[in-house]
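Listed below, chain by chain, are the residues.
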Amino acid sequence: MTLHPTSSELDRTLPNGFGAAAILAASIGSLALGILTVAGDASKAFARHLILYRPTGPLSGVTIIAIAIWLLTWALLSHRWSARNVALRPILTVSFILLAVSLLLTFPPVIDLF
Amino acid sequence: MEITLRSLVTILHGMGFGALFLLAFSGAMFELGRTEQGSAPGSTRHIHIYLVVMTLLAWLTVLSGAYIIYPWYRAVAPPGTADLSAYPQLFLKAHPNTIGWHSFFMEWKEHIAWLAPISITMITAVYFHYGYQIRRNLALRRAVLAFVAIAFFAAAVAGFAGAMINKYAPVQGGHLFHVLHGA
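Just so you know, the protein sequences line up as chains Y and C, in that order. Under this note's numbering, the residues of the first sequence are numbered 1 to 114, in order. Under this note's numbering, the residues of the second sequence are numbered 1001 to 1183, in order.
Possibly wrong hints are sitting among the right ones.
To be verified - Here are some of the chain Y residues that sit facing chain C, going by a computed Cβ distance under 8 Å:
{"no.": "1", "residue": "18"}
{"no.": "2", "residue": "30"}
{"no.": "3", "residue": "37"}
{"no.": "4", "residue": "56"}
{"no.": "5", "residue": "57"}
{"no.": "6", "residue": "59"}
{"no.": "7", "residue": "66"}
{"no.": "8", "residue": "92"}
{"no.": "9", "residue": "107"}
{"no.": "10", "residue": "108"}
The hints are simulated quantities; they were obtained by calculation from the structure and are not laboratory data. Here a beta-carbon is modelled for each residue, glycine too, at the ideal position from N, C-alpha and C.
Take these sequences, add in the hints, and give me the full structure.
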């Protein structure tokens, strides 16, 4: 009987699910930020609903809601994927597409298109 | 020599938290590069501490910016106010030569900046979870490095915009501190 873990046990590779969940959730949170930014800029009525802290204005709702979506998504994906390996390539592809879209949606000339 | 409370907080936000966060990227990239080359097990403790500090700096920067300084920046002047220097957003929008600093750079900065703390928090969590084992998963490691680059880009845009906006329309006001008497 071995009292201490062997080197092979210490070297056991962790499932990639945790990383995939963290990356996809970060991209979804970033996308939420971009969508809320555009929506708040396009509609004065919607912008008023985004005022969760009056001194900061609609930016408060954009940031608080986007962070809530990010953390909630992260918790849900982590719960489902952390203990297993997932198909990383399609998840990373989707993540970087979402991230690219979120970068575009926070760029003022693109915001002004809507 | 004197400085106002708002100027002091703005300096802390930009040159304290924000600049330190940007400076920390070189160290983070170096450490992550070492991982890429295959660092030894047990050598991840330093980067864990380093990434936690970076994460704290990122959050302190965006939270102080959005919830302390931005309200001062977007303050509304009483009707009939001729001198708009205490109202940076209105001051910038009042001049054709400076309106772009608000309508383009401030609009960009106030949103893109948030991608930095989101990214660096994710990177820190992934490194805490995997440690040196991340070097075994090339796709995951490269994705994390790409997020480091995105976080740097977001922080650099926000930092540049903030510095330039504060040059044209500095956030001022509040309690006056006398730093050096007679100097």
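These are the hints, each one checked on the structure:
Taken as an interface hint, residue 18(Y) checks out: its beta carbon lies about 5 Å from the nearest beta carbon of chain C, inside 8 Å. Taking 8 Å as the C-beta cut-off, the interface hint given for residue 30(Y) holds, the closest approach to chain C being about 5 Å. The interface hint given for residue 37(Y) is met, as the beta carbon of that residue sits about 5 Å from the closest beta carbon of chain C, less than 8 Å. Taken as an interface hint, residue 56(Y) checks out: its beta carbon lies about 6 Å from the nearest beta carbon of chain C, inside 8 Å.
Annotation: residue 57(Y) was flagged as interfacial toward chain C, and the flag holds, the nearest CB pair being 6 Å apart, inside 8 Å. With a cut of 8 Å, the hint placing residue 59(Y) at the interface with chain C holds, because the nearest CB-to-CB distance is about 6 Å. About 7 Å separates the beta-carbon of residue 66(Y) from the nearest beta-carbon of chain C, less than 8 Å, and the hint is met. The criterion of a C-beta within 8 Å of any C-beta in chain C is met by residue 92(Y), whose closest approach is roughly 5 Å, and the hint holds.
For residue 107(Y), the suggested interface contact is upheld, since its CB lies about 6 Å from the closest CB of chain C, less than 8 Å. The closest approach between the C-beta of residue 108(Y) and any C-beta of chain C is roughly 5 Å, which is under the 8 Å cut-off, so the hint is satisfied.
Hint compliance for this structure: every hint is met.
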